[in-house]
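Visitor: What follows is each chain in one-letter form.
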Amino acid sequence: MNILNLFVIIPVLTIIAILFTKNLKGARIVSVIGMGIQLIAAIYLVIDFTQLRNAGVTDEILYVSDYIWFPSLNIHYLIGADGVAVSMILLTAIVVFAGIFASWEMHDLPREFFISLILLATGVFGFFISLDLFTLFLFYEVAVIPMYLLIGIWGSGPKEYSAMKLTLMLMGGSAILLVGLFGLYFNSAGPDGQLTFSIPAIAELDIPKNIQMFFFPFLFVGFGVLGALFPFHTWSPDGHASAPTAVSMLHAGVLMKLGGYGCFKIAMYLLPEAADEMAWIFIILTTISVVYGAFGAVWQKDLKYINAYSSVSHCGLVLFALLMMNKTSMNGAIIQMISHGLMTALFFALIGMIYGRTHTRMINEMSGLMKVIPFIAVVYVIAGLASLGLPGLSGFVAEMTIFVGAFQHPDLFHRVVTIIATTSIVVTAVYILRVVGQFLLGQIKDPHHEQLTDAKWWEKLSLVSLLLPIAGIGILPLWLSTNIFDGLKPVIEQFSMLLP
Amino acid sequence: MRHELLLSALIIIALLFEIFAGKIARKSAVLFNIILFTIITVMGFFPAYDGVLFGGSFHNDQMTVLLKNILNIGTLIILFQSAAWLKKPENESKILEYFILIYSSLVGMQFMISSGDFLLFYIGLELATIPVAALAAFEKFKKKSAEAGIKLILTSALSSGILLYGLSMIYGTTGSIYFSQVINSFNGSALQIIGLMFFISGMGFKMSLVPFHLWTADVYEGAPIGITSFLSVISKGAASFIFIIILFTVMKSTVTIWNEILYVLSILTMTIGNLFALRQNNLKRFLAFSSIAQAGFILLGILGSNQLGMTSVFYFVLIYIFTNLGAFGVVSVIANTTGKEEIQDYNGLYRTNPLLSLTMMLSLFSLAGIPPVAGFFGKFFLFTSAASHDTAKYYILVLIAVLNATISLYYYLRVVKAMFIDKNDHPIEKFSSDIYSRIGILMCVAGIFIIGFASVIYEFIRSISFGI
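Keeping their order, the protein sequence lines are chains A and B.
For the first sequence, our numbering assigns the number 1 to the initial residue and increments by one for each residue that follows.
For the second sequence, our numbering assigns the number 1001 to the initial residue and increments by one for each residue that follows.
Simulated from the structure, these hints should not be mistaken for lab results.
If a hint is listed, it holds; no wrong ones were tucked in.
These stretches of chain A come out as covered by chain B in the derived footprint (C-beta under 8 Å, 3 or more residues): (1) 60–73; (2) 140–152; (3) 164–173; (4) 179–185.
Here a beta-carbon is modelled for each residue, glycine too, at the ideal position from N, C-alpha and C.
Required output: the full structure, derived from the provided sequences and hints.
Guide: Here is the structure:
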């Protein structure tokens, strides 16, 4: 059997198993076992993929299987993975695994919580393995809708408002996306006249340019909403701030990557001419995202808002890099997706742990936490350093590659936006260091904070499982970029035919 | 003709039962009727012969058989769901009336679907409507129920008048009432276009399209829940079946004209239905407006004007029956047990009645078109058929439709929020429902899960539908 099927089957089985548990203990153990197996499967997939590549298998997409579903509409359950998808699957497996440990003490309706969380993960895994637009869209929506319950029931603050805003904006995005998908479908008639939803088949076609120009905005904006493209990013700060820890982790870490991945794998890959022609509009928007997100983070006082705005900035950078459309920057974009996914999940996990202890997320109400909770504080500092791009950690590799790639464009427009976007690095350093200085260092202000206890074993496990890959990418980026490069190859070829 | 004959026989049996049965036998009237109707529903699936009767007035083929079976299944679920309500003391003396009236209405719809001329079509339509008006006023001791009955009978009389006037123009210009002959001489002359518009308005009343929808909310709210679900699912389903069949066969030469009309109607129906649903607090009114919006989506399939369009309409109605009846089933169980029908009464329902809440959530997600439940597939194919024109105009229509689907998500989520998120000091207490309602709801849940994934059903419907 195709190994990729496991990534849908295991979560579904886990959900069914959770139905038979009685309380928190049962539910979390079943979830850990299920997602642990999933993580092992993901690691195995990566190793196997690398071995196949080393053995000289040159197919762009591996592990392809194809089952016909609705014959008259030519809808298939078509799955397969390239280097990018494999890396994203591993990222998802890590974040979900860490997320389960981060919600170890979820006492309110635990079974329902873990079921919704894993349902969300099912959607994400399904999205990354799909090569058929119909199944891809189906999984995309499966990933979005559990968010409403997760934020609405287990969230904090103005949770009902945030949950509704997030759900409606994301579903609105998928509404726009759907129109684009229909556009692809009804213009996908190959030599045999058969319409198709299959991504590889559509990629081989030559869709007329005027049609590409009509549908590209639908597809790019549709996915861009989930990737926090300015001005459709407003769901992100509210949503992340209200969501419970594990959900913020999963959402910022993985779900926002669906947007970037979709923009690249569908909008740009399938409609390359329009992407080339219209890139400048979206480059301006993403540059605004990058800078605006970074400045937004400087003004915030709530830890979650700071991180949410920094996510807008970093995810904007992903789209920015994709739109630069050369090998180096696109490679950087994918590394940035993975690096940001891990980093932001780590941040949200830490914030959840701090909030669980101090019951506040306001940085001006905390001080000197380094003395009482050193483990959490040190990890926070490391995550912060990764976020501002310190060499040796993943953030540096990603941003470096992106900006080098972006600067390769010789014309004025690209140079100027690149320079503007680079300022975000400085601003990032400002808000990260300010936060670290304010609430981790210094004297303890609040006497209640003297008795705080440091991370429990499950919290440490959660943090370490995220921290290891961050350092891994920083030290050994080459392995990752080799794998990503081959996933990018077909896309780059699409563009290199256009570019001089 | 088997469906109609069996049902007519059942009506006679029920009448005789009413006359001759003693007090003890009457107690088992509900069970007796449900068993008989189940048998009829199952028998409907036996292979049938294609054929024509009464010189072309009545025709039967695989498609009509399937449509009748769909209606039968829906009615069966409604019978299950209204059993508990019928057994209440104030309704006990009228149990058989209820069944006879439902059967009569259903037999009317079946004749309508099989009709081969405008006369039988009209007779069937009236037979389908008038018993429902009586049923809407079933709880005649309640003012609202009586009002609902009057409103329904008056509006349907008006709409029938309009429809008949249109049909008379078509007869006048083509010289025939037989579909097979009208097709040949239906060429789009001015008088025929007016006839077509009257026909669309008349059917618009039955399907509660905007701007012919004003009766819907009041009637749905006043009528007993079983009847509301019958009106919003079975009546609407049957009306859309015959509407698409007549448009696709008799009036196919004027396809460009009715496409323009339906284009506007569909946008109006979706948008206005949605906007009114946003502000409703009574669940029956809420479902009424949501069903108006759903009718707008059905028009998208008709607008496709091809085989895909017809398939997606039938498929959507099939899913819609299970979905909407799932929601109505929950509302009806709760209203029967506690008498509560407002959205805020449902606050905190999940903590006391988790299974009912989950059923409600699944049904609402299916209505909103969220995967992996069936509603997603139904809506997706409707949108596909509208997009199949592959012109900017229809892509805009699809965009409006999907944005409407997103708006609809807001009010469906309001109910989900009430059940799962909102806290309540006095939630509806834990109760267990009767066996009939459970079977009814279970059938809906099974349908909601299975129909979407089972592409066999879709492909079968595809194989028997046709395009222009």
